[in-house]
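Line by line, the protein sequences give chains A and B. Just so you know, we're using this note's numbering here: the first sequence kicks off at 1 and counts up by one. Just so you know, we're using this note's numbering here: the second sequence kicks off at 1 and counts up by one.
Calculated from the structure, these hints are not laboratory results. Any given hint could turn out to be false.
Here are some chain B residues the structure puts well away from chain A; computed CB gaps all over 10 Å [as the list claims (entries may be wrong)]:
#1 Gln51
#2 Arg165
#3 Gly173
#4 Ala301
#5 Gly330
#6 Asp348
Within a straight-line C-alpha distance of at most 25 Å, the following computed BS3-like cross-link-like pairs (lysine-lysine) qualify [said to hold, decoys possible]:
#7 A:Lys419 <-> A:Lys359
#8 A:Lys557 <-> B:Lys41
#9 B:Lys80 <-> A:Lys564
#10 A:Lys557 <-> B:Lys80
#11 B:Lys298 <-> B:Lys352
#12 B:Lys448 <-> A:Lys419
#13 B:Lys41 <-> A:Lys549
#14 A:Lys549 <-> B:Lys411
#15 A:Lys121 <-> A:Lys182
#16 A:Lys76 <-> A:Lys466
#17 B:Lys411 <-> A:Lys502
#18 B:Lys41 <-> A:Lys550
#19 A:Lys549 <-> A:Lys403
#20 A:Lys550 <-> B:Lys411
#21 A:Lys550 <-> B:Lys410
These figures come from a predicted structure and were not determined experimentally. Ideal placement from N, C-alpha and C gives every residue a C-beta, glycine not left out.
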Amino acid sequence: MFVAGKYDVIIIGAGHAGVEAGLAAARLGCQTLLTTLSLENLAMMPCNPSIGGSAKGHLVREVDALGGEMGIIADKTCIQFRTLNTGKGFAVQALRAQADKKIYQAAMKNVCENTPNLDLKQLLIENILVEENKIVGVTCETGETFLAKAVILASGTYLSGRIIIGESIFDGGPNGQRAAIKLSAALKNLGVRLMRFKTGTPARVDARTLDFSKMEIQRGDEGMQNFSFMTDAPVDNKICCYLTYTNERTHEILRKNLHRAPMANGIIEGVGPRYCPSIESKIIRFPDKERHQLFLEPEGLNTTEYYVQGMSTSMPADVQVEFLHTIPGLENAKIMRHGYAIEYDCIDPLQLKPTLEFKNIAGFFSAGQSNGSSGYEEAAAQGLIAGINAAALVKKFEPLILKRSESYIGVLIDDLVTKGTAEPYRMMTSRAEYRLLLRQDNADLRLTPYAIKIGLAAPERIKKFKTKLAEINSATESLNQKITPNVEINQKLAAAGIGEIKTSMPIAELMRRPNVTYQKLREIFNLPEISAFAASQVEISLFYEGYIKKQSELAEKLDRLEDKIIPENIDYMSMQNLRVEAREKLTEIRPRSIGQAARISGVSPADISVLLVWLETFK
Amino acid sequence: MARGDILKTEDTISAIATALGTAGVGIIRISGENAIAVADKIFDKDLSVAQDRQIVFGHVKNFSGEIVDEAILLIMRAPKSYTRENVVEIQCHGGVEVLREILSLTFQAGARAAERGEFTKRAFLNGRLDLTQAQAVLDVIQAKTKTALNIAQNQLSGKTSKKIRRIRQDILGVLAHIEALIDFPEDDIDSIFIEDIDKKIAAQIAEIKIFLDNQRTGKILREGLETAIIGKPNVGKSSLLNFLAETERAIVTDIPGTTRDSIEEFVNIGGVPLKIIDTAGIRNSDNPVEQIGIERAKDYANRAELILALFDGSRELTAEDFEILKLIDGRSAIILLTKSDLPRVIDDSKLKNFIPISVKKNLGVDKFLAAISEKVGNVDAEMNFVRDEREADLLRRAVQNLEEARLTLKKNIGIDFISIDLRTALELLSELTGESVTDDVINEIFSKFCIGK
Chain A
1 MFVAGKYDVI IIGAGHAGVE AGLAAARLGC QTLLTTLSLE NLAMMPCNPS IGGSAKGHLV
61 REVDALGGEM GIIADKTCIQ FRTLNTGKGF AVQALRAQAD KKIYQAAMKN VCENTPNLDL
121 KQLLIENILV EENKIVGVTC ETGETFLAKA VILASGTYLS GRIIIGESIF DGGPNGQRAA
181 IKLSAALKNL GVRLMRFKTG TPARVDARTL DFSKMEIQRG DEGMQNFSFM TDAPVDNKIC
241 CYLTYTNERT HEILRKNLHR APMANGIIEG VGPRYCPSIE SKIIRFPDKE RHQLFLEPEG
301 LNTTEYYVQG MSTSMPADVQ VEFLHTIPGL ENAKIMRHGY AIEYDCIDPL QLKPTLEFKN
361 IAGFFSAGQS NGSSGYEEAA AQGLIAGINA AALVKKFEPL ILKRSESYIG VLIDDLVTKG
421 TAEPYRMMTS RAEYRLLLRQ DNADLRLTPY AIKIGLAAPE RIKKFKTKLA EINSATESLN
481 QKITPNVEIN QKLAAAGIGE IKTSMPIAEL MRRPNVTYQK LREIFNLPEI SAFAASQVEI
541 SLFYEGYIKK QSELAEKLDR LEDKIIPENI DYMSMQNLRV EAREKLTEIR PRSIGQAARI
601 SGVSPADISV LLVWLETFK
Chain B
1 MARGDILKTE DTISAIATAL GTAGVGIIRI SGENAIAVAD KIFDKDLSVA QDRQIVFGHV
61 KNFSGEIVDE AILLIMRAPK SYTRENVVEI QCHGGVEVLR EILSLTFQAG ARAAERGEFT
121 KRAFLNGRLD LTQAQAVLDV IQAKTKTALN IAQNQLSGKT SKKIRRIRQD ILGVLAHIEA
181 LIDFPEDDID SIFIEDIDKK IAAQIAEIKI FLDNQRTGKI LREGLETAII GKPNVGKSSL
241 LNFLAETERA IVTDIPGTTR DSIEEFVNIG GVPLKIIDTA GIRNSDNPVE QIGIERAKDY
301 ANRAELILAL FDGSRELTAE DFEILKLIDG RSAIILLTKS DLPRVIDDSK LKNFIPISVK
361 KNLGVDKFLA AISEKVGNVD AEMNFVRDER EADLLRRAVQ NLEEARLTLK KNIGIDFISI
421 DLRTALELLS ELTGESVTDD VINEIFSKFC IGK
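Looking at chain B on its own, in the form it has when it is part of the complex (with noise of 0.2 Å):
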């Protein structure tokens, strides 16, 4: 069992605590005894002060201090809380996004994913709950290890597990080629010098970081890119739709979504697939009698990850045109001017790197489809991508270790001291492949070299 197994008692953890999408707000929870040390290094405002049960408004800011989010912070400091750990629950706008990047954050910062059931496992542990929720417990940790064992079997692709595979055996060479000469200093093996380890590791840091790079078309392509068609009534959406959905002939599933009546549509761009919001809403947009106010697109606009904002270019603009240019203001969206096989009356100098289109004449439709690639970046499935934010955190830490396994190396101060980090490395790997650090740098040293007093 790897290391980090048997420390996860031991973490600050933290997850997203209301469901995705569905709300105005969203609310990011970290439990554990880092858990305000992890919030602050993410907050504009000093928490380190902050008292328990208190409320401190201010900003989410990432790494580079950019500000992410407005949000509130409740700051619950053990043993006052659910799980009798430091709690910090971080409330923000809800974006689906904005929730992701804000997790991500806190991960950065040093927690870990929780898993399932894990805050209520925490409560129980720490003598919160009562006996009779003790089997409920039991079950889900049973249920999970049941998952678990499916998942292990297919953990990652076939790919990409290969790949992973291939890093970490490179990194457990080098570390048992280390330790051999630790092991064996009288031994006749040949010496290793800092500037192949410092290539070595510099090689695999490159290859680790292609999957975080990909990890975002990796969710695109597992989940689909979230998009909403906004627009006022009459502007076009439906028929963009069944243009999309048709051209490309491409619809893979219809799914119902979870907290409305509404649909959602894969269509699939050029390779990219767009999970368009609320199919059903849109295809009785059209109608005069539509319902559909700001609120809703207001509501879509939050939840996409991609915006089609659509404007009717042979009317004039109107107040809730204007509402919409809000809307989308800093945010990933492609401007459309419909209808542009008609005279154009829209006075376009209030829109910014619009596309005229006509979906009737088949008008920049070409233009449209490259503006989508454009925002998506390169999708290719045979890239090599992890599935989910947690095994994105590994990966990124197993970076974090190995760069400063290379700073190590620049002091020159023995190489025992780079051992340190490439085993962290080596064993946030193996949590990805299931496989053990100790037993597999002992095998690794005996078929590699030949020792023997």
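The shape of chain A in the complex, shown without the other chains (with noise of 0.2 Å):
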């Protein structure tokens, strides 16, 4: 065994899961190794060049108020903004932007580039080197071993992978790449339980053969928020994107040619999402729907491809350029990448703990689309925290855990971990208990303070943070004020359009009304001045009180639960009262407390209340 180097960390996948794995722990100190299977792909987006959207988009702030890195170099290197749901609730507000590729690439690699204690390699990893059920290192395709205190599996759909493109199927990973194969039977031979699941991509097609007149403009937003909390430069839009629809001519061919569908004729075994289905699958699950819309997004500034969104298929090439051609716009179009399924293996989350690491193997941690789930955003979400766990591993801190209640990414680790996933998994709003709680605009206020207490924040993003809160709280201590109506307070408020007041009351009184905004307080009656986004806080949790409020105290409740604490050691099977269903899922799962034993299905009301008195009497 040539033994090549030891580290704290090592990372299997540089995507977005790994990349953050990699900078949050070589940030806490961990030497720590990013391996890649190409250095020319190392936070690639194989599918749709954007991030963020409804709940992605929240991922993405909360990833960045945790001290991630996706956040600020999408700020710096998106070319098109949006907000989505304005109008439909300030909870559930998201930012999505148009990503450069290439760019954005480029940005992150600078920044692992440049960041002290970690190391980048192009490695191809065929085997987990594990002792005593303990992780001790990786071996790659070359016969050099790593070793290693902690190691995070973030393979993305790489395991196995296969491509199709209609009657053409051959091994590959994502965009052209290699499939990493003996990884799957290294983690088999460990007793890891794998999944085989599929997704898939639409083509791409060259800018110079699509027709824009017939298509429908859509525009970025002008003056919105950024992703990260530290960017303070505003939004620039510099790109367009266009949309255009489906026809019945179009659903013909695509239905004359079902039979040669790989989806249709049993090619893929995969499992597919069902909120990303294929063309064809739409035209299959929805024969009544007349047409389907699709958007023309570029793959960056500096490119001739677009992204046909909408359009993910794994049809045979032929009926690929078939169906695009009927499509207004893209008459002419040139297919300059197909569009393919890809199935991969993934392993059952079910194995994991909160923490992201192995149940069974001390210091191997699995993030991001080799656990089961889907999206960019989902994978950095959970390579950041992998990377927090497993430098709290090496450096002996407590371990990060978030709650439902406090953060999607808690949602989403808890959903995995507990209830694990039949298909793809994609974070939704609807996912989440108590969304009002988890806004994309207080991700900071809810979860900074761990990446203080962690370490993880940088010295600026300290400062901003305390300086925000010191802002909410002056002015929360000075809308406390009380007024009491007199001519000349009715007069101001008058000229500001502010109903009068006829009894005495604290200030804070007004900003329940609608339309009155801190602004028009502050220059009444004097209030400090403050930011725009500390002003915003204090106006949207007075003006949503009584809704906050409700969510609060129900999670509250819940989190009473989250701390009762189950034994690691705990025996269900010698548990007689609890019916044996329970008893199996309960030890398969071990539950970290009684609030997670209790979102695991097959567990009763019954059953929790016997593990309560089981956890009183034998504590």
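Need the complex rebuilt from these two chains, each delivered in its own frame; the hints are there to steer you.
Shown next as structure tokens:
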């Protein structure tokens, strides 16, 4: 065995999960090795050229609040920004940006290369070394062994990847990459349970062959917020996207060729995501829908490649050309890359603790698509947490487990490790019980204290955060001052378009009225001058107080159950009062707390009562 | 599992602590963090300032401010109580209807129905009981699991269950549409109009309210309407009983009373099952050496939901008759003037709304039956109703959340806010049907809307 190096933490894969894991571990002082099949493809976006969206934008904000990198790089390199869900409620408003894929990758690579303690190596890892249920290191294709105290699997869709384009099938990773074939077998040898998932991507077409005049233009929004709490520069919209629709002819071609669709003729075995169906699945599942929308999105500033959002497909190449040509604006479109489906192995996330460490292999973590999730943002979030917790193991500090009531990241990881997933898991706001509390505007208030405690918050972030907190506190204090109605006050209020007051009240009461902003009141009552972000926190917390309070109260109750920790060595099989199904499920999942136990399907409220009694009796 | 389930140990619970209809005094026990606040909402004295172990005399009021009963409250602050939580005991006059009404008021004030053994379980969990009692508690829970499984399988009657599932499905549809719009804002999903949501929610509220309106009927159909026949000796109580039993030939069952050697019989009057209290006593009551005094009549009247008060038309009113008139004052009662085939001697100016009747000659019988229907309301076995106060409580809270969702709609501050109360309502209904909300919403989104990049 040739030992080529010794590290605290090694990460297998440098996609969105891998880079966040690597950066976090290195920044926390761990000697870290970030490995990838190809350094050209670090932080690659193999599917859509965009970051954020409903719930996903929230994740990026949370990653940022915890000291992650995705938000900062997205702000620097994205080329169009939009706010989604305006008018549907401030808690569900979300940022979405078009990325320049190459510039994003280059910027992320640059950050990695300039981070102390972080080594980047182009390696194909083929084996995981474990001794006595404890991680030892990894061995790569070229025969070198690297030893480590912690290893993080972040292998994306590369594990035994198989590309399918119609009748053409070959081993491979996304976007013409190699697949990691031997690693799957190595994991199985370690007793790791694998699942087979599938996902897909649409064709890329040449902008020079598109007729944009036949499409609706989609512009970015001006003056909107950034992803990162650290970015001050206004967003810069450099490009537009375009919207067009399929029609009956498109559908006819697809229907006529359905027998050649790999998902229909049995070539594809993996389970695909319901939220991201191929166009052929859409035609089958919604036969009455007369048209389906598609967006044309540039892959970057310095390329003519356009992503055809909505047309994910694994149809044969000739069918792809034929159906695309029926779409207005795409009549003469030349395909630069074909759409394809990819099947890949991922681990069953039920084998993980909420720290993302394998229950049965100490020091071995897994994050991102290899955990059965999908999406760059979901991957980044898990990577960050795995990186932090690998560092926690090495540096012996308390691991970070976020609660469902305080973050989408907490919901994401809890869902994966408690319920598992039957399809690639995508974050959705409807998966969160208390989304009114989990807003993108307060991600820093929720999570930056953890970043500060752990040591992931840069000095500049700490300073900004403390300033914002102080502003919110001083504003809140001033707003608690009582005012008594008099002619002068009511005149000033009237001048600002605010109705008069008749009884004495704290100034804060006025903010509960519609369309009363902090800025307006600041001028009238000489309140402290604070940043717009701090002001909006104050406004939201007062105007929506009733709704927020309702959810906070429920969340607090839930959290008390999260705080009831179950000892790791508990023997469920000996607990005669538990139903057999509950005994089996609890033994498999080994929940960390009563709260988590209660969310396991097959565990009833009565079983939870038994557990509670047991905990009281034998603690 | 519904969210409500895992939060159960945090709720404030209440239950009737004394056996129904057996004593002159009844106790309702409330336990949990908000026990005092719950009691405060339905009591005419300020309890927030009450000391630990204080006894407060006052009146239980309903939410319209009407007095329900005179009561003594015992306040026990945590941890100095049986459950080591805040506990309030309401001691009142023990009539079945009164106890049930007060219990229902505690639910409306924020408590939920306690499960079997739950007070003991809490006492245990809060360290009140010793280790030897642990096994006993586990056994209770386990027993509950078994019955709960049985109950879950035939929870709700088929028809009722179908209806509630339909209501739930309609609300789920609205919620899934809202969630789809929020989670997939760039997909081609039809927009949703506030007026349409409002109409749909209002329709479901109306449907649920039918269940609640039928609740009393449901209970009557299940348990029979507890009915007392009272009157002085030899007034014709047993003749009336025999007449009721014979004419309708509908004695359903004989069940021995739990606390005394009395017999309760069901007679079916025009589809209304009356559960006649102490038929054995009544059958013996025309015996000249009858022992039943006014005390016993009082006891019957207390327990009864309907009183048939008999006065002998062929005799003068006696002191006993006046006692009986006092007893039925303000109660749901039908006054029957018996032996109307004989010349009327009684001074009937003292009686209100009486019905002259003679079972021997079949006089006034139609009027009597009509009066029963009028008291009980329309009873139809085909109607939708839930089984008990717990189920009714879930429905009531669902309605409350739906109403709040409608209020939010009017504010026009975004569909996300509507989803909060819709989701809670859905969770409450799911406790009745045993389904899970989050998974169902997501499944509904994907089955109804074409989504995908």
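Here's how the hints hold up against the structure:
Every C-beta of chain A lies more than 10 Å from that of Gln51 of chain B, the closest at about 27 Å, which supports listing it as non-interface. Distance check for Arg165 of chain B against chain A: the nearest CB is about 20 Å away, which clears 10 Å, and the non-interface claim stands. Listed as outside the interface, Gly173 of chain B is consistent with that label: its C-beta sits roughly 14 Å from the nearest C-beta of chain A, beyond the 10 Å cut-off. Interface exclusion of Ala301 of chain B from chain A stands, the closest Cβ pair being 41 Å apart, more than 10 Å.
A cut-off of 10 Å between C-beta atoms confirms that Gly330 of chain B is not in contact with chain A; the least separation is 40 Å. Distance check on Asp348 of chain B: its Cβ is at least 59 Å (rounded) from any Cβ of chain A, clearing the 10 Å threshold; non-interface status holds. The hinted pair formed by Lys419 of chain A and Lys359 of chain A meets the criterion: a straight-line CA distance of about 15 Å does not exceed 25 Å. Taking the CA atoms of Lys557 of chain A and Lys41 of chain B, the gap is about 22 Å. The hint holds against a cut of 25 Å.
For the hint pairing Lys80 of chain B with Lys564 of chain A, the CA-to-CA distance comes to about 23 Å; that is within 25 Å, so the pair holds. The hinted pair formed by Lys557 of chain A and Lys80 of chain B meets the criterion: a straight-line CA distance of about 23 Å does not exceed 25 Å. The hinted pair formed by Lys298 of chain B and Lys352 of chain B meets the criterion: a straight-line CA distance of about 20 Å does not exceed 25 Å. With a CA separation close to 24 Å, the supplied pair Lys448 of chain B and Lys419 of chain A stays within the 25 Å bound.
A threshold of 25 Å between alpha carbons decides the hint, and for Lys41 of chain B with Lys549 of chain A the separation of about 21 Å falls inside it, so the pair holds. A hinted pair counts as satisfied when its Cα atoms are at most 25 Å apart, and Lys549 of chain A with Lys411 of chain B qualifies at roughly 18 Å. For the hint linking Lys121 of chain A to Lys182 of chain A, the alpha-carbon distance of about 19 Å falls within 25 Å, and the restraint holds. Restraint check for Lys76 of chain A and Lys466 of chain A: satisfied, since their Cα atoms lie roughly 24 Å apart, inside the 25 Å limit.
With a CA separation close to 23 Å, the supplied pair Lys411 of chain B and Lys502 of chain A stays within the 25 Å bound. A C-alpha spacing of about 19 Å is found between Lys41 of chain B and Lys550 of chain A, which places the hinted pair at or below 25 Å, so the restraint holds. Using a Cα cut-off of 25 Å, the hinted pair Lys549 of chain A and Lys403 of chain A holds, with the two alpha carbons roughly 18 Å apart. Restraint check for Lys550 of chain A and Lys411 of chain B: satisfied, since their Cα atoms lie roughly 17 Å apart, inside the 25 Å limit.
A hinted pair counts as satisfied when its Cα atoms are at most 25 Å apart, and Lys550 of chain A with Lys410 of chain B qualifies at roughly 19 Å.
Consistency with the previously given hints is maintained throughout, with no hint failing.
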